[in-house]
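Asks: Could you build all of it, start to finish, from the sequences and the hints given here?
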Amino acid sequence: MISLRPAYKPRGPLFCGAMASLLLAPTLNAQAKRENLNIYQRVKVSDSILVCRTAADLSEVPPVKIIAVIKGGIPQKAMTWPLDEGSDVSTRRPLPPHSEYVVFFEGARKDILRVSPPEHKATIAGIRRLMAIAEIKSGHARDLAMFEEAISSNSFLRSEARQYILKIPSNVLNDSYHAQLLSLLKGADDNGKSLALQAIRFTKDKDFIPLAIAATKSRNEKVLDNASLMLAQQLSPEATAALIALTRHPASRIRARAAIDLSDRRRAGALEVIAGLLNDPSPSVRAAAARGLVAWHRSKEKESISSVPRLIAMLEDPNEEVQVSVLNSLAEAHDSRAVKPLLRVLCRKALSERVEKFTVEALSKIILPDRYTGYIDKGAVRLVNAQLPIFVKIIDSNRWGALLAIGIVANARTPESIAILDRTAKGHPDQAVCHYAQWRLAHQP
Numbered sequence: 001m002i003s004l005r006p007a008y009k010p011r012g013p014l015f016c017g018a019m020a021s022l023l024l025a026p027t028l029n030a031q032a033k034r035e036n037l038n039i040y041q042r043v044k045v046s047d048s049i050l051v052c053r054t055a056a057d058l059s060e061v062p063p064v065k066i067i068a069v070i071k072g073g074i075p076q077k078a079m080t081w082p083l084d085e086g087s088d089v090s091t092r093r094p095l096p097p098h099s100e101y102v103v104f105f106e107g108a109r110k111d112i113l114r115v116s117p118p119e120h121k122a123t124i125a126g127i128r129r130l131m132a133i134a135e136i137k138s139g140h141a142r143d144l145a146m147f148e149e150a151i152s153s154n155s156f157l158r159s160e161a162r163q164y165i166l167k168i169p170s171n172v173l174n175d176s177y178h179a180q181l182l183s184l185l186k187g188a189d190d191n192g193k194s195l196a197l198q199a200i201r202f203t204k205d206k207d208f209i210p211l212a213i214a215a216t217k218s219r220n221e222k223v224l225d226n227a228s229l230m231l232a233q234q235l236s237p238e239a240t241a242a243l244i245a246l247t248r249h250p251a252s253r254i255r256a257r258a259a260i261d262l263s264d265r266r267r268a269g270a271l272e273v274i275a276g277l278l279n280d281p282s283p284s285v286r287a288a289a290a291r292g293l294v295a296w297h298r299s300k301e302k303e304s305i306s307s308v309p310r311l312i313a314m315l316e317d318p319n320e321e322v323q324v325s326v327l328n329s330l331a332e333a334h335d336s337r338a339v340k341p342l343l344r345v346l347c348r349k350a351l352s353e354r355v356e357k358f359t360v361e362a363l364s365k366i367i368l369p370d371r372y373t374g375y376i377d378k379g380a381v382r383l384v385n386a387q388l389p390i391f392v393k394i395i396d397s398n399r400w401g402a403l404l405a406i407g408i409v410a411n412a413r414t415p416e417s418i419a420i421l422d423r424t425a426k427g428h429p430d431q432a433v434c435h436y437a438q439w440r441l442a443h444q445p
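In my numbering, the protein residues as written are 1 to 445.
Hints listed in this document are in silico derivations from the structure and should not be mistaken for laboratory results.
One or more hints might be untrue.
Simulated crosslink set (EDC-like; lysine to aspartate or glutamate; CA at most 20 Å straight-line) [as the list claims (entries may be wrong)]:
| hint | residue 1 | residue 2 |
| --- | --- | --- |
| 1 | 357 | 317 |
| 2 | 426 | 416 |
| 3 | 365 | 353 |
| 4 | 44 | 143 |
| 5 | 340 | 317 |
| 6 | 204 | 238 |
| 7 | 217 | 189 |
| 8 | 357 | 238 |
| 9 | 204 | 175 |
| 10 | 44 | 190 |
| 11 | 65 | 100 |
| 12 | 167 | 143 |
| 13 | 393 | 416 |
| 14 | 378 | 396 |
| 15 | 365 | 335 |
| 16 | 167 | 148 |
| 17 | 365 | 332 |
| 18 | 121 | 143 |
| 19 | 393 | 335 |
| 20 | 186 | 135 |
| 21 | 186 | 207 |
| 22 | 186 | 238 |
Replies: If you want it as structure tokens, here you go:
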């Protein structure tokens, strides 16, 4: 164990400043996020890598000790680094006592990765392995080495291998590492299988599709999740059948994922399955099902009209996420049957601003000309125009839906609506709302 104790008097100002600097260093997450570097990249660019431990009592001198040098030497800046270098001071926070860290030094910067005791051995071994891989001169050989680590028993290495492999362009993966991906897909390791499915998500390679379909029978939820995502790009009857089977999975997360991945109007039989999930006991699945119907509503498929009454009933769902998803779906349906129920939503006593905003947006889309046909439902317009005080209240309260409410008021094109716009343009506290009201006044027909 090497103590950060210089040859000069240990309690001198330089040493104390260095210790304070290390104790107040930014975490790896704060700085690596800014530079978008994973640990493999950090290992590759670092000049020195040290394993340090803070003392049980931070008043001890020195409060930090070096217990291992993994790469390079002990840089002078480890002893004399000022407090204001390395990263934003706002991200600094004291390191807890009696904890271990890996410190990466690169130029004038240092990053710190905290290591929990159970993960210490695997993390240090993983960093050493990443160092060895980084020294491989051939890029292809480095890639192959990372494929080997994709099924490593070391979870740290598996994570780094996943990040590394997923940064390889998909065309390169398919062309140069086809055999490795097939091996992972056919193997028994769920981590490797999940990674391969994620890597081939947008592939058109026929060798992979049957294996992805087979993966939907896995007991591992990560494998199922990535298999569903991959099959979302495949429109064959076999792929559709596999996704429909996933909508019956016991895990709500998998059912929700499948509901979204089925939402392509070209899939025979999928509409009925997704609509059936509107009654799922899980709020996340109901919300996903409502979002899944948007594709059909946008396409104006006649079959999608049958789902509108069920969506209207779901406006009373106790879950806000479900309500928002339903509102988005009704907005795309452009169905006048939703107008009265939507107006009732706006009259609720306890209504969140978020639900209010999406409700106003749905009404706005229904009364505007259909984007595909130009059709205007005059009956729907009359119903909304008869309730202008509702939208005036939203504008005056300066809630999230104020801009959308101005659009609805302006669409009425009556003396009353023009007076509302004029008053808003002259005296609303929000400048954005004022300016929009002014714009609508200037562009009234």
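Asks: CA of residue 378 to CA of residue 396, is that 20 Å or under?
Replies: Violated, at about 27 Å.
Asks: Within 20 Å, alpha carbon to alpha carbon, are residue 217 and residue 189?
Replies: 14 Å, holds
Asks: Under the criterion that the straight-line Cα-Cα distance not exceed 20 Å, is the pair residue 204, residue 175 satisfied?
Replies: Judged against 20 Å, a Cα distance of about 12 Å means the pair holds.
Asks: Would the pair residue 186 and residue 238 pass a check requiring their Cα atoms to be no farther apart than 20 Å?
Replies: 19 Å, holds
Asks: Below or equal to 20 Å on CA atoms is what counts here, so check residue 365 against residue 353.
Replies: Distance ~18 Å between residue 365 and residue 353 Cα, so the pair holds.
Asks: What's the verdict on residue 426 and residue 416, does the C-alpha distance respect the 20 Å limit or exceed it?
Replies: 16 Å, holds
Asks: Tell me if the straight-line CA distance from residue 357 to residue 238 falls inside 20 Å.
Replies: This hinted pair is violated, its Cα atoms lying about 40 Å apart.
Asks: Does the structure keep residue 121 and residue 143 at a Cα separation of 20 Å or less?
Replies: Status violated; Cα separation ~24 Å.
Asks: Regarding the pair residue 393 and residue 416, is the alpha-carbon distance no greater than 20 Å?
Replies: Distance of about 14 Å is within 20 Å: holds.
Asks: Are the Cα atoms of residue 167 and residue 148 separated by 20 Å or less?
Replies: Between residue 167 and residue 148 the Cα gap is close to 16 Å, so the pair holds against 20 Å.
Asks: Under the criterion that the straight-line Cα-Cα distance not exceed 20 Å, is the pair residue 357, residue 317 satisfied?
Replies: Answer holds: residue 357 to residue 317 is near 17 Å, not above 20 Å.
Asks: Going straight from one Cα to the other, do residue 365 and residue 335 come out at no more than 20 Å?
Replies: Between residue 365 and residue 335 the Cα gap is close to 10 Å, so the pair holds against 20 Å.
Violation of the numbered hints given earlier is confined to hints 8, 10, 14, 18, 19, 20; the remaining hints are satisfied by the structure.
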